[in-house]
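Please model the entire structure based on the sequences and the hints provided.
Chains A and B are the protein sequences, given in the same order. Per this note's numbering, residue 416 is the first one in the first sequence, and the count goes up by one each step. Per this note's numbering, residue 416 is the first one in the second sequence, and the count goes up by one each step.
Read the hints as simulated data drawn from the structure, not as lab findings. One or more of the hints may lead you astray.
For chains that are exact copies, the list does not tell them apart, and a pair is met inside one copy or across any two.
[Stated by the list, open to error] In silico DSS-like links for lysine-lysine, alpha-carbon gap of 27 Å or less: (1) 463 / 678; (2) 463 / 726; (3) 678 / 691; (4) 463 / 672; (5) 672 / 691; (6) 726 / 691; (7) 691 / 463.
Just so you know, these numbers come straight off a predicted model, no measurement behind them.
Number of protein chains: 2
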Amino acid sequence: MAPAVEAGAQSGAHPDRMDFAQWMPAIQQRVERALDARLPSVDLAPAKLHEAMRYAVLGGGKRVRPLLAFAAGELTGAPDATVERIAVAIEFIHAYSLVHDDLPCMDDDVLRRGRPTCHVRFDEATAMLAGDALQSEALAVVVDAPLAADPARNTGLLRMFALACGSRGMAGGQAIDLAAVGQSMTLPELERMHSLKTGALIRASIMMGAGCGDTYDENLDARLSRFADIVGLAFQVVDDILDVEASSSELGKTAGKDAMQNKPTFVSILGLDAAKARLRQLHREAREALAGLGERARRLSEIADFIILRKH
Amino acid sequence: MAPAVEAGAQSGAHPDRMDFAQWMPAIQQRVERALDARLPSVDLAPAKLHEAMRYAVLGGGKRVRPLLAFAAGELTGAPDATVERIAVAIEFIHAYSLVHDDLPCMDDDVLRRGRPTCHVRFDEATAMLAGDALQSEALAVVVDAPLAADPARNTGLLRMFALACGSRGMAGGQAIDLAAVGQSMTLPELERMHSLKTGALIRASIMMGAGCGDTYDENLDARLSRFADIVGLAFQVVDDILDVEASSSELGKTAGKDAMQNKPTFVSILGLDAAKARLRQLHREAREALAGLGERARRLSEIADFIILRKH
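Put into structure tokens, the structure is as follows:
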């Protein structure tokens with residue numbers, strides 16, 4: 416990433432300051448190319464496994480986590496190539512989690528990103544192995560070169576990544592989610608579950624995207640950490656609202672699934688109106704967390720808007 | 416690890432030169448403690464997931480890969496603490512692969528290490544997530560501190576680890592194995608499959624155990640690489656012979672499974688006598704590969720004997 420422009424300087428002229436409406440597809444296309452380049456070719460054996468891995472990752476997805484990583488990288492002048500590797504690794508982890516989550520022994524879902532889920536398109540064993548291999552591939556991408564020149568910083572970033580994926584991160588959140596089917600949950604319990612299941616990886620996208628830049632510091636850490644928690648939570652509240660209000664074709668995945676599976680959601684606990692009010696509050700809090708970081712935080716603010724105001 | 420004793424010096428007196436019969440359980444106990452310490456406590460949420468992870472890893476297993484890593488570390492004066500982290504990470508990967516391999520959509524097995532398999536003891540979803548989280552935990556262990564002071568060497572070792580786990584390593588071997596059920600295979604195809612499914616991780620144990628030591632060099636690389644390939648292959652030939660000759664109670668897992676599932680094995684392709692002859696040949700080749708490395712390679716030679724002559 417080019418050095419971040421200081422607040423107020425050159426706004427509009429600098430290439431990093433392109434409109435969000437142009438920036439977002441540019442980053443998405445860049446990430447799509449990088450994902451494609453990092454995935455093993457179907458020309459390599461085992462071809463079916465590689466085909467399943469590519470199917471699970473490519474051709475869909477809003478790439479929210481990569482967008483967050485690139486936006487956070489702008490805060491600290493993070494090198495483009497490093498942010499790209501972080502984005503690819505996190506997207507591999509996200510894709511593997513969806514593949515495993517959709518399996519019959521988990522959510523048993525048939526539709527994802529408007530297409531048959533991986534185990535429907537291939538078979539259960541291949542889907543499971545494709546998920547497994549995507550997690551290994553994420554590791555390969557993230558360790559392919561240091562994420563920061565300073566060894567201690569590099570170790571810290573890699574630890575953050577591992578923790579976000581594991582039993583005290585995403586996988587732990589999935590286990591809590593699984594145990595929650597048909598159970599009642601309090602709002603704090605629900606928030607805790609989502610802070611792991613989706614929050615951990617969203618948080619890692621932001622903290623690692625910023626953390627690999629040279630100007631990262633402790634002061635930024637507290638603000639950004641707060642922003643990451645809020646955005647992670649807001650992301651899930653939106654998901655729960657859309658699960659009620661949007662159609663399967665709009666979502667590209669099975670709508671109304673939570674209610675069908677009797678899963679606790681923000682809507683089932685708070686009601687639809689209160690869930691929407693909570694979302695507006697989180698939106699304000701997200702903006703407040705970024706206040707004082709100046710123009711270099713504009714992209715993060717824009718992505719928060721995008722995540723919170725999205726319709727699918 | 417204490418500096419490796421040069422060929423011929425102090426043999427018998429140095430603590431590293433304890434008898435294999437004492438050394439093996441000492442390393443196994445050390446690894447058992449380290450595995451226990453690195454696994455999340457069941458006091459942490461989600462408790463059931465952590466219980467399943469601990470069940471999958473602890474209380475069984477010959478710890479062949481950790482033994483190989485420690486023995487290889489003796490070649491290069493590798494630091495004990497680093498070899499231990501490598502051993503733990505690889506054993507986490509091995510344990511997760513067994514959990515996923517035993518699932519109904521894969522081998523559908525109910526007995527492992529003399530106990531019910533993880534999905535039988537818990538449930539399928541928990542077993543799958545426990546495997547997923549063990550892979551993340553392996554990553555956490557391996558990145559917890561640099562594996563080598565030199566950043567390029569460290570990156571090389573981490574890459575080696577990631578590659579051994581993924582679609583061009585263990586997970587890829589599992590996919591080929593899966594596709595092979597009921598199919599005929601040539602001997603080279605079978606060897607290729609096992610070089611990935613079990614060979615890749617055995618190879619990583621040896622190459623990483625030695626590679627994190629200060630005196631590692633290119634000359635060692637070629638000999639050790641050849642030794643690793645031979646031992647990986649021999650390990651599988653023994654497995655195939657035992658699957659025919661040993662009982663389930665001796666093995667702690669379902670005996671005769673390969674024939675039952677109509678899987679190609681060294682015994683089914685070569686016949687029992689020729690498989691045993693091939694094993695004797697591999698044993699000779701393993702010793703030849705270590706020749707010229709002197710006394711510091713004695714442990715590796717002893718483990719090769721142990722792996723090849725084992726009865727369960």
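Checking residue 672 and residue 691: alpha-carbon separation at most 27 Å within a copy, between copies, both or neither?
within (19 Å within a copy, 56 Å between copies)
Go through the copies and call it for residue 691 and residue 463: within, between, both or neither, with a Cα cutoff of 27 Å.
neither (43 Å within a copy, 33 Å between copies)
Treating 27 Å as the Cα threshold, decide for residue 678 and residue 691: within, between, both or neither.
within (19 Å within a copy, 56 Å between copies)
Intra/inter-copy verdict for residue 463 and residue 678 if alpha-carbon distance must be at most 27 Å:
Classified as between; 19 Å across copies, 34 Å inside a copy.
First find the shortest C-alpha distance between residue 463 and residue 726 inside one copy, then the shortest across copies, and answer within, between, both or neither for a cut-off of 27 Å.
neither (35 Å within a copy, 36 Å between copies)
Regarding residue 463 and residue 672, is the shortest C-alpha distance of 27 Å or less found within a copy, between copies, in both, or in neither?
The answer is between: 25 Å across copies meets 27 Å, while 30 Å in one copy does not.
Between copies, within a copy, both or neither: which fits residue 726 and residue 691 at Cα up to 27 Å?
This pair counts as within: shortest intra-copy Cα distance 13 Å, inter-copy 65 Å.
Against the hints set out earlier in the document, violations occur for numbers 2 and 7.
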